[in-house]
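Residues per chain are reported as follows:
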Amino acid sequence: MTLVPQAIILGILTGGVYALMASGLTLIFGVMRIINVGHGALVILGAYLSFALLRSLHIDPFLSLVVTMPAMFVLGVVMQVVFVRPLKGDREALSVLVTYALALGIEGLLGFFFTNNYQQLNAWYETASIPLFNFRIAYVYVFGFALCLAILGGIFWMLYRTTFGRAIRATMLNRTAAQLVGVDVDRVSALAFGVGVATAAAGGVVFGITNVFNPGSHYDLISRLLTIIVLGGLGSLRGAIVGAMVMLISTDVTAVVISPVWASFVFFVILIGVLVVRPQGLYGITVRDRA
Amino acid sequence: MTPARRTSALKGGALLVVVVLALLVPVFAADPATTNIAVFTTMYVGLATAWNIMGGYTGYISLGHAAFFGFGSYALGLLLAHLGIAAGYTPFLFVPVAGILTVVIALAIGWIALRTRAATFVIVTISCMFILQLLAENLVGLTGGGSGLSFPVPTWSGDFFNTPYYYAMLVLALVGLAVSAGIRRSKFGLGLLAIRDDEDKALAVGVPARGFKLTAFVISAALVGMIGAVYGYYVTYIYPQFVIDPLVGLSMVLMVFLGGLGTLWGPVVGALILEPAQLWLSYNFGASRLYLVFYAAVFLVVILLLPRGIVPSVTDLVVRWRHGSAAGPAGGSSETREALAAPGVRSP
Amino acid sequence: MSLLEVDNLSKKFGGVTALDGCTLSVEPGNITALIGPNGSGKTTVFNLITGFASRDSGDVRFQARSIAGLSPDRIYGLGIARTFQLARIFPRLTALENMLVPVRRAGLRGLFSRGQWHEEKSRAMEMLTFMDISHVAASLGGSLSYGQRKLLELAAVMMARPQLVLLDEPAGGVNPALLERIGEHIRELNQQGVAFLLVEHNMPFVMGLCHDVVVLHRGTVIARGTPSAVRENPVVLDAYLGA
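Read top to bottom, the protein sequences are chains A, B and C. Position 32 of the first sequence, counting from 1, maps to 32 under the numbering used here, and the rest follow consecutively. Position 5 of the second sequence, counting from 1, maps to 5 under the numbering used here, and the rest follow consecutively. Position 106 of the third sequence, counting from 1, maps to 106 under the numbering used here, and the rest follow consecutively.
Just so you know, these hints were derived from the structure itself, not from any lab. Among these hints, one or two may not hold up.
[Claimed, not checked] Heads up, simulated DMTMM-like pairs for lysine to aspartate or glutamate below, C-alpha to C-alpha not over 20 angstroms straight-line:
{"#": "1", "chain 1": "A", "residue 1": "Lys88", "chain 2": "B", "residue 2": "Glu137"}
{"#": "2", "chain 1": "A", "residue 1": "Lys88", "chain 2": "B", "residue 2": "Asp159"}
{"#": "3", "chain 1": "C", "residue 1": "Lys121", "chain 2": "C", "residue 2": "Asp56"}
{"#": "4", "chain 1": "C", "residue 1": "Lys121", "chain 2": "C", "residue 2": "Asp59"}
{"#": "5", "chain 1": "B", "residue 1": "Lys11", "chain 2": "B", "residue 2": "Asp316"}
{"#": "6", "chain 1": "C", "residue 1": "Lys12", "chain 2": "C", "residue 2": "Glu27"}
[Claimed, not checked] Cβ-to-Cβ under 7 angstroms is the rule here; a few derived chain B residues that face chain C:
{"#": "7", "residue": "Pro32"}
{"#": "8", "residue": "Val153"}
{"#": "9", "residue": "Pro154"}
{"#": "10", "residue": "Glu199"}
{"#": "11", "residue": "Lys201"}
{"#": "12", "residue": "Leu203"}
{"#": "13", "residue": "Val205"}
{"#": "14", "residue": "Gly206"}
{"#": "15", "residue": "Val207"}
{"#": "16", "residue": "Ala277"}
[As the list claims (entries may be wrong)] Chain A residues, not near chain B, derived (Cβ > 12 angstroms throughout):
{"#": "17", "residue": "Ile35"}
{"#": "18", "residue": "Leu94"}
{"#": "19", "residue": "Ala150"}
{"#": "20", "residue": "Leu173"}
{"#": "21", "residue": "Asp184"}
{"#": "22", "residue": "Leu191"}
{"#": "23", "residue": "Asn211"}
{"#": "24", "residue": "Tyr219"}
{"#": "25", "residue": "Val257"}
Remember, predicted model here, so these are calculated numbers, not experimental data. Even glycine gets a Cβ: it sits at the ideal position worked out from N, Cα and C.
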C-alpha cells in the first residue's frame with residue numbers, strides 16, 4: 001500500500017503550511033495574549049491578494065509575496081493599533097470578538113470583490129513534479145514546503161538572534177517585567193502582530209496553491225489552526241510546528257486508510273484526547289495560577 | 001412605603017406590563033411578517049439570556065453554543081420522527097425532552113472543555129461545535145446528513161401559523177430569565193461571579209469551581225438546546241451547516257456584550273436591538289456579502305465604544321444623575337467605574 | 001495530636017529546590033510563625049498545604065488525616081483557610097457579597113435555602129462589624145483601600161469557621177495603627193479557638209503575637225521554639241545574615 005507513505009509525505013508537506021500559519025497565530029497569542037480568530041481570514045486574504053496579482057499582472061504566486069508580505073505586515077500593524085490596542089476591560093474575551101468581527105468584515109469584502117466562486121492559485125509549473133519512490137510530488141508542494149521552512153527559520157532567527165526578537169520573547173514571558181526593563185511593549189505588540197499577519201500572507205500563497213478556496217474558507221481553516229495551537233500549547237512556537245505535523249499527518253493518513261470524510265473528524269478527536277490528558281497542550285505551561 | 005419597597009414595586013409593575021405586552025403581540029400584529037420577526041427576536045432573547053448564564057456569570061466565553069442549538073434541533077426532529085408524532089401542539093411537549101438530551105451532551109462537552117481555562121476554553125468550544133457539525137453531516141443514517149432532516153408540518157392557517165411558535169419561544173425566554181434571575185440571587189450565583197473575578201481565590205474559599213462551572217454550562221446549554229428544538233420545528237427542515245451555524249453562536253454572544261455582559265437585562269436589550277437589525281440587514285443586503293461587512297462594523301463599534309455594554313453604562317448614568325455629583329456609586333473612585341461591570345447580587 | 005503536620009515535604013520547581021524535607025507542626029489553639037530569609041520556601045509551604053501546588057514527596061496531615069493532593073476548595077471545607085501575600089478579594093462584588101462567597105459545605109441545600117442565606121447574611125455583618133469595616137459593606141471590593149481589603153479578606157475566610165488560618169504576611173503593606181488592629185483581631189479569634197500559622201517578616205509583630213516560631217532556611221527547618229529562644233539562636237542569626 002504505497003498510499004500510506006505518500007499520505008505521510010503529503011502530511012509533512014501540508015503540515016509545513018499549517019505550521020507556518022499556526023506559528024503566526026501562536027506568536028500573536030504569546031505576545032499579546034489575544035486569540036486572533038481572524039487569522040484564517042487573513043490567510044485567505046493573502047491568497048486572494050496573490051490571486052489578484054496573478055490574474056491581472058500575471059505575477060507568479062511565490063513572487064507576489066514580495067508585495068503581499070510587506071503590505072499585510074502594514075495591515076497587521078494598523079489592525080493592532082486601531083482595533084486591539086484600545087480594548088479595555090476583559091481583553092482576552094473582547095479580542096476574540098473583535099478579531100472575529102474583522103474576519104467577517106474581510107469575508108464580506110472578499111465576497112463582494114471576488115464573488116463566492118471557488119478559486120485556486122495556479123502556477124505555470126503546477127503540473128510538473130519530482131519523482132519520489134513510487135509516486136510523484138508536485139513542484140508546488142516542494143516550493144511551498146521550502147518557503148515554509150525558510151520563513152519559519154526566519155522567525156526563529158529573528159526571535160533568538162535579534163534585539164527585537166529578544167524584546168518579543170521578554171514580552172511573551174512577562175509583560176510588566178519587560179516594560180520595567182525598557183521594552184516598549186505597545187510597539188512590540190504592534191510589530192509582532194504585523195509579523196504574524198505577514199506570515200499569513202505567505203501561508204495564503206501556499207494554501208491557495210494547494211487548495212481551492214473562497215471567502216468562506218476561513219471557518220474551516222481557523223478551526224484547524226486553533227486546534228493546532230491548543231494542541232501544541234498556546235504561545236509555543238515549537239508546539240505550533242509539532243502540532244501541525246501531528247494533525248496533518250494523521251489527517252492525511254486517515255483520509256487514505258479510512259475515508260476523507262472522517263479525516264477532519266480525527267483532527268478534533270486528537271485535540272480532545274490530548275486535552276483530557278494534558279489541558280495545557282504538548283508544550284504549554286501549566287494552567288494553575290501560582291498564589 | 002420605604003423607598004426601596006417603592007422601587008421594587010415599580011420594577012415589578014414594569015415587568016408585569018412588559019410580559020402582558022409580550023403576550024399580546026400576536027393580537028396587535030397579526031401579519032406573518034411581523035410575527036416572524038417576533039419569533040426570531042424572542043428566540044434570541046432566550047438564547048442571549050441562556051448564554052449569559054455561562055459567559056456572563058462565570059466569564060468563560062463559549063463560542064460554540066451553536067452546537068447545542070443544533071443538537072436540540074436534531075434531538076427533537078429525530079424524536080418526532082422515531083416516535084411518529086404528528087404535527088400540531090404535541091411536538092411542543094417534547095421540547096423538554098430535547099432539553100434533557102442536550103444536558104447529556106453538554107455534560108460530556110463541558111467536562112472536557114472545563115479542564116482548560118479562559119483562552120483555551122474558547123477554542124475547545126469552537127472545536128466541539130465543528131465536531132458536532134461534522135457528525136451531523138456524516139452520520140447520514142441518523143441525521144440525513146447534508147440532505148437535512150424534516151419536521152412534521154402543522155396544518156394551521158397562514159395567518160395563525162407563527163403564533164404557537166412565538167408563544168413557545170416566549171415561554172422559553174421567560175423561563176431562561178427566571179432561571180437567570182434565580183441564579184443571581186443565590187449563593188450559587190455569587191460563586192459564579194466570584195469565579196469570574198478570581199477563580200483561584202474562589203477555590204481558596206471553598207467554592208467548588210469545577211462543579212459550579214459545569215452546572216452553569218449545562219443549564220445554559222439545556223436552555224439553548226430547547227430553543228433550538230423549537231426553531232427546528234418552526235423552520236420545518238434543518239441542515240447541519242445552518243442549524244449548527246457559527247454565526248448563530250456569535251450573534252448571541254454579541255447581543256450579550258452589547259447589552260451588558262453578566263447583567264440580567266443586558267442580554268434582553270442586546271437581542272431586542274440586534275435581532276431586528278440583523279433581520280432587516282439580511283433582507284436588504286443578504287444577497288451581497290456586504291451584509292457581513294455591516295455586521296462586522298456594528299460589532300466593532302459596539303466593542304470599541306461601549307466595552308461594558310448598554311445596561312451598565314446606562315445604569316451608571318442614571319446613578320450619577322440621581323446623586324448629582326461626579327462620584328460614582330458608593331465608595332466612588334475612578335477605580336470603581338473600572339471595576340463596575342455586573343451589579344452583583346442584590347439582597348432580595 | 002497536632003492540628004497540622006507537615007512531614008518531610010519536598011518540592012522542586014524545575015532546577016530550583018524550594019522545599020527540602022521540611023517538617024513542622026501547628027498545635028491546636030496556637031499562633032505559630034513561619035519565618036526565614038527570602039526564598040526559604042515559606043509561600044511554597046503554604047501553597048502545598050492549601051492545595052495550590054503538588055508535592056514531590058512527603059505528606060501534609062490535618063487532624064491526622066492526609067490532605068496532600070486535595071483541591072483547595074476541599075481543603076477549605078475541611079477547616080483550613082488562607083490569605084494571600086497581596087490581599088485578594090473579589091473586586092466586582094461588594095464587601096458584603098465577598099463575605100457571602102465562602103462555601104462551607106457544597107450541598108445543594110446550602111446553596112439555595114433561604115433560611116440559611118439569611119443566617120449567613122447576619123453573620124457576615126457581624127464579622128464586618130468585628131473588623132470595624134461594616135460601613136463599607138455596600139461598597140465594591142475594587143473601591144476599598146488596601147487596608148480595608150486586608151481586613152475584608154481575613155473577615156471573609158473566617159465565615160466558614162476554620163480551625164486553622166494560614167496568614168501570608170498579614171503585616172505586609174499596612175501602617176502601624178492598622179497593624180495593631182490586625183494583631184488584636186488575630187488574638188481575639190485565637191481566644192475563640194482558632195489556630196494560626198503566619199508567614200511574616202515583621203519581627204516585633206511576630207515576637208509580640210506568637211506562641212512559637214519555626215525558622216525555614218533553604219527549604220528546611222533549622223530552628224523551632226519560643227520567640228525569645230529563636231531570636232537568640234546563633235543558627236538562625238547566621239542564616240539571616242549569611243543568606
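Task: Hint check, failures only - done: 1, 2, 3, 4, 6, 7, 8, 9, 10, 16, 17, 18 and 24
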